[in-house]
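Residue numbers (this note's numbering), protein chains in the order written: chain A, -7 to 236; chain X, 123 to 895.
Careful: at least some of the hints might be erroneous.
[To be verified] Computed cross-link-like contacts, SDA-like style, restricted to lysine to any residue with a CA-CA straight-line distance of at most 25 Å:
| # | chain 1 | residue 1 | chain 2 | residue 2 |
| --- | --- | --- | --- | --- |
| 1 | A | Lys64 | X | Arg519 |
| 2 | A | Lys209 | X | Pro803 |
| 3 | A | Lys64 | X | Gln516 |
| 4 | X | Lys129 | X | Pro527 |
| 5 | A | Lys104 | X | Gln420 |
| 6 | A | Lys193 | X | Thr308 |
| 7 | A | Lys104 | X | Arg515 |
| 8 | A | Lys64 | X | Gln420 |
| 9 | A | Lys104 | X | Gln516 |
| 10 | A | Lys132 | X | Arg519 |
| 11 | A | Lys104 | X | Ser851 |
Derived from the structure by calculation, the hints contain no laboratory data.
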Amino acid sequence: MTELVRLTDITKVYQGGVTGALNGVSLSVEEGEFTAVMGPSGSGKSTLLNLIAGLDRPTTGSVVVGGSDLGKMGEAALARFRRDRIGFVFQFFHLLPNLTVLENVLIPAQLKSTASAEHRGRRLLEQLGIADVTNRYPAKLSGGQQQRVAIARALINQPSLLLADEPTGALDTRSGDQVMELLMDLHRTGQTILLVTHDAKLATRCAARVISVLDGKIVDDARLETAERAAADVIRVRGEEARP
Amino acid sequence: MTAILIKALADLRRRRVQAAVIFLTVFFSMGAGTMAVTLMSQTRDPYQAAFDKQRGAHLQIGYSPKTDQQLLAKTPATIGAAASGGPYVVNSIQFRFGDRKFDVQAIGRDDPGGPVEVLNVTSGRWAHANDEIVLTRSFAELNKISIGDRLKIVSVAQTPILTVVGEVVDIDEGSADLSSQHAWVTAAEAPALSSYDSTYYLMDYRFASDPTSAQLQASTDRLRASLPPGSIIASLNYILVRSIFNITNQILTAVLGAFSVFALAATIAIVATLMTGIVISAYREIGIMKAVGFTPSQVVGVFALQIVIPALVACVVGIAAGTLASQPLLANSSHALGLAYEATFSVVLYLVLLAGGLLVVTIAATLPALRAGLLKPIAAIAKASAPRGTGGRQLRRVAARLRLPRAVVLGVGEAFARPLRAALTLVTVLLGVATVVVAIGLPRSFLLINNSETGAGNYQVVINRSGAIADADVMRILNAQPETSRVVAVGGKNVTIAGVADPVGTQLFRGDSSRLGYMVIAGRWYTAPGEVLAPAGLLHDAHIKIGDSFTGTADGYPLTFRVVGETYDINNLGHSMFMDIATMASVTPAPEPFQYEVALVPGADVSAYVRRVSALQPDLLDVHAADTSIIAPVKIIDTVLLVIAAVLALIGVGGVFNTLLLNTRERIRDTATLKALGMSPRQVMVMVAASAGLLALVGGLIAMPVGLSLHHLLNDVISSSAGNDTPPSVYGVFSPLELVLIPLLGVVVAVAAALIPGRWAARTNVVEVLHSE
């Protein structure tokens, strides 16, 4: 498989920070992988995601995504990179309240000046089961629906990498399960996904690879053959008791 | 109270940019308002003080030299005057000083004092010998003539030399740049300065109390009835002199007053916008304040104080600046009247202004702050910020249908996301652009009027004839010059008209006067003797209209006139008539031209022409290039207008800037999301600029008709105060291209103002913003 993401010896120290959010992290993600980055709050997993998305810059080290060294890009180039290569799903959806569902979905395509995006946008909404809310505003949707819209928005430009930062964190269990099913369906179609979560069960249930981060370091990188094994392995790494 | 103050001051330190915006807008509006109020309250006083001090004449009458002096001696009793002066012999004289020549009315008078019309000798002394002359200080200063200078009188054949021995301030004259001037010689010298048709008697009358216009007219009518026809050839009353003296300050006061109201309205809009923005962005803080024990009114107090504190400082500084800025104008007034200038301060007035300004700002700040007081603590804490504005959706859809770039579409919708804020911003833009329209338009209107009064472009050389050279000789000289293309000769003779108190001055033309460039407001230019044009002031006061015939008398000779047109003339506040000199053919002696307005053939050298003609009769002809420069008061008004327009334009830009800042801050999460989705910094800036551009465009488009209407209105007010209707051409001083360009210029300025919030938004740290959510 082709390498899509390579992080080399990454450190990230925030202004005023005594210890780094990331300390010498190196990581590689292959195309088509469903990778979960797992760790407790403050472990540095979201920082890792932000660096891969080009939303933030490392203090040292390099981030290469799809052959592009993000450290060599200016702000405008990084914006183009995100627009063209990355799809981002946030914990709190971050839909634009003044835009309808369809308008929200189409935004990245329109920023890219893609003329024929509307058809694709409507198809995505259908695929995600929210075609009936196309013309509604976000305030009128449930949390699950909003996150589906956010996923559709993330997919509109057919990104090579889908980043999901705690996508179920603001949802109830049922909605969270539905969203994860969606992500797994996408993975089955070949979409590379990098999921950040603090939920071990969620990570092991969906991802074929689980990277555990603790105190800014990768403490485990497990490539799992089955979900059942994965759960046990990963939970062992985290030092928690395995429960069926 | 301490807690409120501490919290308000802490918030103020955090919101320095907003405090600066408040300070500047309040400062400018209070400064302009203070200037207007100071001028308004002081305009009349200097004149009245000087008039009382110098026992000014309520009424001055010019009598024909044929009038019996014994009859003149009885005139004070005829009208019940408490005091009188004269009769003084007055001659129109022309004198030469250096290489220039001047015309003044020389009055034969042996004493500057007396019971009426005391002349305030400001330097030198009064004339005692026959070769001495006293000038007005205004005239001497304007023309740089000093005591000891020798003036050669060229209007009489003997060309006597008179030495300037004193300068006076005459309460009954306007300044030398606005009106003709008097000079004084001994009574014994006066007859020696007499020339053809230039001599008359002057009587000054003062009443026990200030008479009204109607009482003055009744007095003039009684005098006319008691004397042979044609005895009264001129008159002047103190109300007219006072109006002329005050006209500059009156116009300035009107302009400043109007625009200080504008500035205050803009300030209210900005304060209200700011306060709503502050409250919206501080929901969580409001909740916490309430949770720790702030009462609703204390919360309102904290927010209102954040506006009131910088506003208080701005009021104090603005009042001081306005007072200082108005002093030079007041000093000019005092100087012109010969009064010692004393800086004018009115503590009561300033306290009223301070209280008024603060009250307006406090109300504008408190009303939106009430929302903060009414919020329920738990709801405020939970929501963190107010629900986002949902306006602008339709607008955004229209923009999307037009297939504009997405960043523009988003910006367009953003502009009207909060309709109230957008409306308040539009008010500031509207006021700024409307003021700019007026500031561009009025000087142009003034220039058109000035050009019509000075014949700009219609003749190049003006020649004044001394009484010592005949009209025919002047014409012979002018016609002999190869560059002479056209000569219009101008004379004058006052006409008495029934129902009009003062004799009316006339412009008597010989030659093609229709090409001199005077404005015809209605009707047409005269084509035959007997046909006249007059400004609105005379038509109104004489109750005549175009098409009417009426009678009048000149030197006692009856004349019939027919009004064929309305013209524009600021002389004597619209009391004048324009006609062919042949209209007065029946008057004896027949009036003769004293001025010649010469149009030269294209390409002629004006300076060479002036030098050559002047050299032919150096003493008897005053030859100079036509002066089309704008008079000083108009320049002052133009400058004030320019400053005010700049100030209001700045306030308008401040309004847009303020709104963009609030919008950008409120929408920071959306901007961060958009950036996360791939919006480039340039697109972020385009989005913010589109928002600014649309607000400025809409404001500008509304402002254009408002500005044009205001320009129309101010022209009418100014023309009316000068006794005229506004010529239609004076309204239409904007080209269609300018009408488009002015709002577009507003858009450009607003987009430039958007750069700061735009750059700020473009530099948003996505991670920090989204993380903080």
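Each hint tested on the structure:
1. A:Lys64 - X:Arg519: violated, 38 Å
2. A:Lys209 - X:Pro803: Given pair Lys209 of chain A, Pro803 of chain X is violated - Cα atoms ~32 Å apart, limit 25 Å.
3. A:Lys64 - X:Gln516: violated, 41 Å
4. X:Lys129 - X:Pro527: violated, 44 Å
5. A:Lys104 - X:Gln420: Given pair Lys104 of chain A, Gln420 of chain X is violated - Cα atoms ~50 Å apart, limit 25 Å.
6. A:Lys193 - X:Thr308: Not OK: Lys193 of chain A and Thr308 of chain X at ~119 Å, beyond 25 Å, violated.
7. A:Lys104 - X:Arg515: Status holds; Cα separation ~22 Å.
8. A:Lys64 - X:Gln420: violated, 53 Å
9. A:Lys104 - X:Gln516: Answer holds: Lys104 of chain A to Gln516 of chain X is near 23 Å, not above 25 Å.
10. A:Lys132 - X:Arg519: holds, 19 Å
11. A:Lys104 - X:Ser851: violated, 53 Å
When the structure is compared with the earlier hints, violations turn up for hints 1, 2, 3, 4, 5, 6, 8, 11 and for no others.
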